[in-house]
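First to last, the protein sequences are chains D and F. Counting from 1, one number per residue, gives the positions in the first sequence under my numbering. Counting from 169, one number per residue, gives the positions in the second sequence under my numbering.
In short, the hints are calculated from the structure, not lab data. Quick caveat, the model's predicted, so the values are computed rather than measured. It cannot be assumed that every hint is accurate.
Stated by the list, open to error - Ranges between beta-carbon positions, derived for each pair:
#1 Asn127/D <-> Asn325/F: 25 to 33 Å
#2 Asp129/D <-> Leu410/F: 51 to 59 Å
#3 Phe42/D <-> Thr270/F: 41 to 49 Å
To be verified - Computed list of chain D residues with no C-beta within reach of chain F, every gap over 12 Å:
#4 Ile37
#5 Leu61
#6 Leu131
#7 Ala146
Said to hold, decoys possible - A few chain D residues that face chain F, going by a derived Cβ cut-off under 8 Å, partial list only:
#8 Leu76
#9 Arg86
#10 Arg87
Don't be surprised by glycine CBs; every beta carbon is placed ideally from N, CA and C.
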Amino acid sequence: MDLNHAKPNGSNGASAAFRFRSIGSGALFGLGFVAFIDETVFHQLLHWHHFYDKSTTGVGLVSDGLFHAFSWFATLAAFFMLSDLRRKNGLNAMSWWGGMLAGGGAFQLYDGIIQHKLMEIHQIRYNVDVLPYDVAWNVIAAAMIAAGILLIRSGKRARAARNGGKRR
Amino acid sequence: MNMNGSPLNHGAAGVWAACILAAGMAGLAILYILAFIRSHRRGRSWPPHRLILWLSGASAAIVGILASSPAQAHAGFVAHMVSHLLFGMLAPLLMALARPVTLLLRALDVTHARNLASLLKMPPLRFVTHPAVAGILNIGGLWLLYATDVFGKMHANPFCYLSVHGHLFIAGYVFSSAILGNEPNPHPSSHVFRALILILALAGHSILSKYVYAHPPAGVPASEAEAGAMLMYYGGDAVEALLIFFFCRTWYVAVRPRPRLPQVKG
């Protein structure tokens with residue numbers, strides 16, 4: 001399918017593809033944004049996280065490296081995808097924000113459950129009772145995913161309503 | 169500072185190896201200037217910003233060589249990492265952005281250009297310039313350097329120093345060029361495939377940084393290894409952000425909307 005020439009409301013197929021790519025761009029940005037906040041706030045400013053506490057398993061180190069690389073790539077790629085959607089007049093803003101919240105929440109949940117707890121790459125904070133931190137971390141992540149899914153669904157409805165309105 | 173007996177403590181015997189590297193970089197800079205002039209004389213203009221990219225790359229490489237040359241007997245592991253970032257990562261990227269192969273094909277006369285083109289099509293060259301192979305040669309070389317005793321040997325033996333640095337630079341250049349895909353290539357890889365290779369290479373670099381943090385190369389004190397590893401991790405991120413940016417830009421240009429019909433300009 002040639003998306004380069006699709007009009008924003010030209011056909012439902014192109015419209016759905018643009019919506020899907022809006023979600024994708026938002027999700028990549030959300031993932032990169034959460035990773036960036038994690039790096040600057042918790043590693044660099046608060047010094048709660050440790051760069052590498054040397055108790056990490058090999059699998060944990062590989063997972064950490066892959067996610068670090070992917071989030072770094074995703075942040076920049078998301079901006080280019082967003083610019084591409086805008087110049088093709090195909091950006092679905094609600095879907096983009098929904099994708100961003102869901103993508104960011106998914107990464108935070110993965111970081112909170114798999115990387116902190118199962119792989120024990122590092123903990124949120126040291127020398128304190130970490131349980132309240134873990135609960136807050138993962139509840140925020142779940143709330144972001146839920147809000148993201150709601151936005152994505154209303155983005156789909158808004159698009160469908162607008163297409164319906166055009167046809168009348 | 170390193171005391172005597174450290175692998176980072178070099179004799180003056182190795183200075184010539186660093187001089188050869190620096191002279192090689194100066195030579196590459198001069199060759200590009202000559203090709204630039206020749207291309208213009210042949211009526212095929214070449215954007216001046218690419219000349220600036222190439223000269224900046226060669227300068228970054230020379231600064232990198234000086235930062236940890238065998239003459240700097242007291243240069244520690246952190247200085248070596250500055251050298252790794254400048255000589256092994258930033259310089260090759262800037263020089264790959266300058267598209268030297270395309271310039272050379274323009275500057276040469278038809279017969280020589282044709283010979284060069286068929287040389288580039290030979291299987292061994294096509295193999296090493298494939299993004300996946302270039303990525304393995306680049307990141308794999310770094311793992312060999314820091315995770316084995318090559319690092320110690322490199323500083324003891326000028327020939328080893330020369331070949332390791334030659335490999336670091338060439339592998340860095342071929343990798344950057346393969347990811348950017350900005351030179352003539354009859355079998356280009358897709359953007360998705362190159363993105364995947366780029367992410368894996370980035371991951372390999374940051375995993376190695378943390379490995380070096382925990383397992384210092386022989387003779388490197390733990391505190392220096394930690395400082396060097398963190399510089400490798402965050403400095404690497406900075407240079408890699410440039411590579412990601414220019415890679416994404418090639419995608420952005422490739423998928424630009426084009427008018428369906430040729431537009432008549434008034």
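Quick rundown of the hints versus the structure:
1. Asn127/D <-> Asn325/F: 25 to 33 Å: violated (47 Å)
2. Asp129/D <-> Leu410/F: 51 to 59 Å: With a Cβ separation near 42 Å, Asp129/D and Leu410/F fall outside 51 to 59 Å, so the hint is violated.
3. Phe42/D <-> Thr270/F: 41 to 49 Å: At roughly 45 Å between Cβ atoms, Thr270/F and Phe42/D fall inside 41 to 49 Å, so the hint holds.
4. Ile37: Non-interface label on Ile37/D holds, nearest chain F Cβ at 15 Å vs cutoff 12 Å.
5. Leu61: With a cut-off of 12 Å, Leu61/D comes too close to chain F, as the shortest Cβ separation is near 6 Å.
6. Leu131: It holds; Leu131/D is separated from chain F by about 27 Å at its closest Cβ, greater than 12 Å.
7. Ala146: holds (28 Å)
8. Leu76: Result: holds, 5 Å to nearest chain F Cβ.
9. Arg86: Hint on Arg86/D: violated, closest Cβ of chain F at ~11 Å, above 8 Å.
10. Arg87: holds (7 Å)
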